[in-house]
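Engineer: Listed below, chain by chain, are the residues.
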Amino acid sequence: MRSLPLRRAVDALVTIACGAMVLLALVPLGSLLWLVVSKGAPGLSLSFFGALPAPVGEPGGGVGNAILGTATMVGLACLVGLPVGIGAGVFLAEKGDGPFGRAVRFTAEVFSGIPSIVIGIVAYGLVVLPMRRFSALAGALALALLMIPTLARTTEELVRLVPGTLREASLALGIAQWKTSLRVVLRTAAGGILTAALLAIARAAGETAPLLFTALNNQYWNFRPDQPTASLTVQIFNYAISPYEDWHQKAWTAALVLLLLVGVLNVGARLALRRSTAGGRA
Amino acid sequence: MTPKMRVEGLQAWFHDRHVLRDVSIDVAPLSVLAVIGPSGCGKSTFLRCLNRMHELVPGARSQGRVDLDGENLYGRGVDPVRLRRRVGMVFQRPNPFPTMSIKDNVAAGLSLNGWEGDLDEIVERCLVQAALWDEVKDRLRHSALSLSGGQQQRLCIARALAVEPEVLLMDEPASALDPIATAKIEELMHELKERYTIVIVTHNMQQAARVSDTTAFFYMGELVEAGATETIFTNPREQRTEDYVTGKFG
Chain A
4 MRSLPLRRAV
14 DALVTIACGA
24 MVLLALVPLG
34 SLLWLVVSKG
44 APGLSLSFFG
54 ALPAPVGEPG
64 GGVGNAILGT
74 ATMVGLACLV
84 GLPVGIGAGV
94 FLAEKGDGPF
104 GRAVRFTAEV
114 FSGIPSIVIG
124 IVAYGLVVLP
134 MRRFSALAGA
144 LALALLMIPT
154 LARTTEELVR
164 LVPGTLREAS
174 LALGIAQWKT
184 SLRVVLRTAA
194 GGILTAALLA
204 IARAAGETAP
214 LLFTALNNQY
224 WNFRPDQPTA
234 SLTVQIFNYA
244 ISPYEDWHQK
254 AWTAALVLLL
264 LVGVLNVGAR
274 LALRRSTAGG
284 RA
Chain B
166 MTPKMRVEGL
176 QAWFHDRHVL
186 RDVSIDVAPL
196 SVLAVIGPSG
206 CGKSTFLRCL
216 NRMHELVPGA
226 RSQGRVDLDG
236 ENLYGRGVDP
246 VRLRRRVGMV
256 FQRPNPFPTM
266 SIKDNVAAGL
276 SLNGWEGDLD
286 EIVERCLVQA
296 ALWDEVKDRL
306 RHSALSLSGG
316 QQQRLCIARA
326 LAVEPEVLLM
336 DEPASALDPI
346 ATAKIEELMH
356 ELKERYTIVI
366 VTHNMQQAAR
376 VSDTTAFFYM
386 GELVEAGATE
396 TIFTNPREQR
406 TEDYVTGKFG
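Listed in order, the protein sequences are those of chains A and B. This note's numbering puts the first residue of the first sequence at 4, with every later residue one more than the last. This note's numbering puts the first residue of the second sequence at 166, with every later residue one more than the last.
Check before you lean on any hint, since a few could be wrong.
[To be verified] A partial selection of chain A residues facing chain B, derived with a Cβ cut-off under 10 Å: (1) T168; (2) E171; (3) K182; (4) T183; (5) R186; (6) T191.
[What the hints assert, rightly or not] Chain B residues, not near chain A, derived (Cβ > 12 Å throughout): (7) S276; (8) N278; (9) E300.
[Stated by the list, open to error] Footprint (simulated), chain A over chain B, 3 or more residues, beta carbon under 8 Å: (10) 195-204; (11) 362-374; (12) 393-406.
Simulated from the structure, these hints should not be mistaken for laboratory data. For glycine and all other residues, C-beta sits at the position ideal for the given N, C-alpha and C.
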């Protein structure tokens, strides 16, 4: 065995090396956050959250309709994407060992590798062409299609982590298989699945490409899901590629708003989960 | 006395591996049957055939009759889910539901099956029966994981009792516990057999001798010998049984 001082030295060296790697990984994240906050914060005001976009050169104005549009489309996408994605994941974990399960798993893997703009084209073909108009529905479908495969695969992995002994405990109590899957297994994996769902939602809220030719954009308030709808990301895109200085400022601020919204959603959902299982904690 | 359970010609396989060969045995009501034998002799599989948990393992199948009050568990029209409420099970390692409180764990078999009524009363009764009530009555809302291993196992027993089974299967219920917790479980079994028929698998021969009325010795998937516990341990018919209970092999 090597001497104690030598082992201590190796221990310190490895600890320092790991710490340095962590810092290195945090640098891009930190600088990105700093850039968005420092450039976006000057444009932040209460009216930015509530007002309609203002024309070039006119002071004030906001992205209220884009926030609403993003919320609508992500909400609609969740309505379809979360149950289908999580349901498929539970199926794959509990019953997915046959040929059908393998086919579903393979499809999900291929699907999750498809570029998001291609998903946009699919939604364009499925919804925009038959309806002959851009709409929030088309945008939501594109986002849902993006959420489902990754959510299904992550849910599957998380459900597989639940020990088989819990399944047996439930079945031995005379609880039916489907109830065991939903009420015992899924509940045990709920924390991880919530994280996966939040990541999927954050990713959907941050998508631009699939919305460009599905929801298009809208400069006004829109409360109908069958109409072209504004979104934060497309708005950011339009502002950013414009030649106007004040629109660039708005692009930064809108980006900050998007970050804030996703952040608030994340923290809120975590608090809610903690509260709902608080009875189960010591 | 009519047996509570009667096993006739029970065979079981995992894929091509024949793990139970032609087992026939009666279990008297309100008694404790201990199943002993070396590792891999099929005693756990035997236990899991009694509430049809065996068939849940991929590649597992079985053949033969298991009667509960004269009705074949493997007959047509028997719903294994309903059957498992009549034949409860406690496992080797304590396996409380980690996301549920102590109370919710005990009530799980009822509440998940849509039972409505006074759960508080049932939870208290089952925890008292499982000799756990005094230790947990002030923290029923705490996580089941806050309990020690021995307490968790008694919680699992309380959970199994809540669905009011007639038979309780215990698969080495004390093998993961320390001697004091083991003694508590054994003491508990003496009380439980007033109301339940118990089949316990154990590696520990002293335990089998202490808790059971009848003992069955399994070896290589066969039931070698079954009889009154005292006879099996002092004057067995078969040489293999004697060798095992006296510690010559196993």
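Engineer: Determine for every hint whether it applies to the structure shown.
Structural biologist: Hints, verified against the model:
{"no.": "1", "hint": "T168", "verdict": "holds (4 Å)"}
{"no.": "2", "hint": "E171", "verdict": "holds (7 Å)"}
{"no.": "3", "hint": "K182", "verdict": "holds (6 Å)"}
{"no.": "4", "hint": "T183", "verdict": "holds (8 Å)"}
{"no.": "5", "hint": "R186", "verdict": "holds (5 Å)"}
{"no.": "6", "hint": "T191", "verdict": "holds (5 Å)"}
{"no.": "7", "hint": "S276", "verdict": "violated (9 Å)"}
{"no.": "8", "hint": "N278", "verdict": "violated (6 Å)"}
{"no.": "9", "hint": "E300", "verdict": "holds (14 Å)"}
{"no.": "10", "hint": "195-204", "verdict": "violated (count 0)"}
{"no.": "11", "hint": "362-374", "verdict": "violated (count 0)"}
{"no.": "12", "hint": "393-406", "verdict": "violated (count 0)"}
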